[in-house]
Amino acid sequence: MTLQRTRTYECMCLLDNREVRKGWQTLKDSVLAMFTKHGAKVLSGRRWDERRLAYPIKGQQRGTYLLVYFSADTQALSAVRRDLQFNESLLRFLLVDCEDVPQSAYEPEAAFDINTIPSDDAPPPPPPPVASSVESSSDTTAEV
Amino acid sequence: MSSTNSNGGGGGYRDGGRDGGREGGGARRSKFGRFGQKRREVLPEEPLDYKNVAYLAKFVSANGRIQSRKRTSFSGQNQRKLAAAIKRARMVALMPFVGRV
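Chains as they are written, first to last, in this note's numbering: chain A, 1 to 144; chain B, 1001 to 1101.
Do not rely on the hints blindly, as some may be mistaken.
[Said to hold, decoys possible] One-sided and incomplete, this derived list gives chain B residues near chain A with beta-carbon spacing under 7 Å:
no., residue
1, 1091
2, 1092
3, 1093
4, 1095
5, 1096
[To be verified] Pairs of lysine-lysine, DSS-like flavour, derived with a Cα cap of 27 Å:
no., chain 1, residue 1, chain 2, residue 2
6, B, 1051, A, 41
7, B, 1038, A, 58
8, A, 28, B, 1038
Just so you know, the hints here were simulated from the structure itself, not pulled from any lab data.
All of these numbers come straight from a predicted model, not from anything done at the bench.
Just so you know, even glycine gets a beta-carbon here, dropped at the ideal spot from N, CA and C.
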């Protein structure tokens, strides 16, 4: 006999901006489908923020955060976690227990334009080579 | 008794003790009150949550290390909540492991 118990959880998903630009709603639905697939009930799923990461992940300097509140059976949680790990559009996720869902989670998601996401995903360019200045200095000495 | 008199009434501390062998002063004044440091309270509008990055950033050093209880003046329970929140924020790249926030 297995113990069946439903709990409320909070999942912060860090999404790849390259996938977000392809379409926010489709990406969000595909992520939320991973929760409902295993019998979880999604209470709220809304975009939290788009910001610069504290450190680059998979070459990405920025990312979009999706905050999901869901209730699921404790036995189904490992399956949800495994599915999230296999998803390539997720850079990171944090799944924690949640006592109560805040009221702000039920507010409608603010509209945003995916074209406004800054496009500095690529790592910063390498510093310019200093060899040219050495060559020029050697040329000047040769002339003298 | 004779050893205390030789110190010149320095509050009972011996030479070379923790007070650095002070002479002529009163008893060493504690930095904190009798019942310890005054505890910092956690306000409901500023919870110790991993999403509250601006507040958590006040309790890390310039290198990104979690400050001690002596500096944060949190209770033991809240200090553990603070450490857990900072570590969670680090995992989702909201705060750096090393470096300035």
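Comparing the hints with the structure gives:
no., hint, verdict
1, 1091, "6 Å, holds"
2, 1092, "5 Å, holds"
3, 1093, "4 Å, holds"
4, 1095, "5 Å, holds"
5, 1096, "4 Å, holds"
6, B:1051 to A:41, "23 Å, holds"
7, B:1038 to A:58, "44 Å, violated"
8, A:28 to B:1038, "46 Å, violated"
Violation of the numbered hints given earlier is confined to hints 7 and 8; the remaining hints are satisfied by the structure.
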